[in-house]
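**Q** Chain by chain, the residues:
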Amino acid sequence: MVNAQNGAQVLKGLLDTLVLQVLDTKDNYGFGILQNISSQLDGDNMVLREATLYPLLHRLETKGLVESYWKPGQRGTDRKYYKITKDGKNYLKYRISDWKNVSNILKKHLIT
Amino acid sequence: MMLSNIFRFPGLSCPTEALTGDTILDDYIKRLDKQLWGSAKIRIFTLAEVKNHLVEAKTGLMQSGITEHEASIKAVGSMGSIESYSNVQRKSLKVKLLKIGLQSGILFGVFMGLYQWIIEAHNNKVFINPLTDGIVYGLFEGAFFGFFMGWFATLVWPERNLPSHNIPDNKFCVEYSKPMRFLSKLVIVVFCLMAVWCIAVSISEYPSRVPVKVMPAEDKQLSSYLYQPWWLFIGLGLLSGLNIFLVRSGCRSFQINQDGFWINQWFARKQRILWPAIKSIGTLGETYGWIPSWNYWRKVKYINYVLSNGKTRRIYLYPDMLNADKFILLLQAKVGMKD
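As given, the protein sequences belong to chains V and R, one line each in that order. Going by the working numbering, the residue at position 55 of the first sequence is 51; the numbering climbs one at a time, nothing skipped. Going by the working numbering, the residue at position 326 of the second sequence is 334; the numbering climbs one at a time, nothing skipped.
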């Protein structure tokens, strides 16, 4: 339980990177992003909740890392799709490289 | 409640298109709606996204085998607090209100202040002195105008609309007719020329200006302080309104079907263009356009097409247009590409 909670805290710091990585693959809408991340985390839906996701998407949009557009949904409800921008892709590359460096340092000094 | 309703006018009640028909989901949506700011047209954007998520979540849960009632409760439970959505929406509206209010207020205030300075320098109706009166008047007018424009452009009228449900493949693009483009640019040019004129006259008059006779204390009234040529004030107000109208008027939705494609203009007639009427699709390009965002120029793609009568038309495809590239490919496939 303690290990799971600590892991969730670490992952929360990565949320923007996770979301951008999902959008880098293809455009998606809020519920779709949530499902995608949840399946990547083996069904763990405690890390990213709806109440966290939408403010996060809004923050990314304000920073210009994602853009949004509307499309009629399949069930008659409108869907707001998000799309990663060029700035978003650059930011994603930078974040991934950052985490790789951290991961290498951890492997070198802690897991020996 | 009454104070918050000021920021929710017009359309105080929850927009019906945001409701799902499920009592539990609709209760959540209505409670969220009460916390949001803006007119119904503004609030619908947040509500539509939340509605879609609730419906998708409920459907997913029902597919896993649980009852509809339970699925609704779980779907609502998964959304979390209403404040997490309303706080984000209110914050973004506040920022936009400030931005638009300041921009328009400064522009208008500077202009009106300069104008007041010149008017007072040429007549005897002075409150303190022409320069101080001009500054104070400009601040007053700028604040009033900025507040009104910020309120209208942020809380009342949205930049774009949600897609219509019964039009498949509905997309948004902007196309300005030549008269509208000309008028919109004319308004800006007139504003700039008048500002330049005000500055030039005040500079040229300043060295040789005879000190203005200040009115006796008993004659200083508020009406004299607020004296202005009403015809010009009304004219400027109308020009500003016209400018906003023109900026907004470019929004269109269009539909592609077997017969052709047709364009919905915001205030004008629907325009239908049948495939046989299009002779060729011309080149693509990019340019900066004044689009339905208040006071913003943005880089946009456009595509030219030539009608059978030889007239060339242009459609601007804005960055938030749905599947712009798909639309271009579809047009090209239907008509054929000719440079």
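If you are wondering where the hints come from, they were derived from the structure by calculation, not from laboratory data. Backbone N, C-alpha and C define an ideal beta-carbon position, used for all residues, glycine too. Any given hint might turn out to be false.
[Stated by the list, open to error] To spell it out: a stretch of chain V is covered by chain R in this simulated footprint if at least three of its residues, at any positions, have a beta carbon under 8 Å from a beta carbon of chain R; those stretches are:
#1 16 to 30
#2 93 to 105
[To be verified] Label pairs and their in silico Cβ distance ranges:
#3 R91/V <-> E294/R: 26 to 34 Å
#4 T21/V <-> L106/R: 34 to 42 Å
#5 R91/V <-> V144/R: 19 to 27 Å
#6 E294/R <-> A47/V: 52 to 60 Å
**Q** State for each hint whether it applies.
**A** Okay, the hints, checked on the actual structure:
| no. | hint | in the structure |
| --- | --- | --- |
| 1 | 16 to 30 | holds (count 3) |
| 2 | 93 to 105 | violated (count 0) |
| 3 | R91/V <-> E294/R: 26 to 34 Å | holds, 30 Å |
| 4 | T21/V <-> L106/R: 34 to 42 Å | holds, 36 Å |
| 5 | R91/V <-> V144/R: 19 to 27 Å | violated, 51 Å |
| 6 | E294/R <-> A47/V: 52 to 60 Å | violated, 39 Å |
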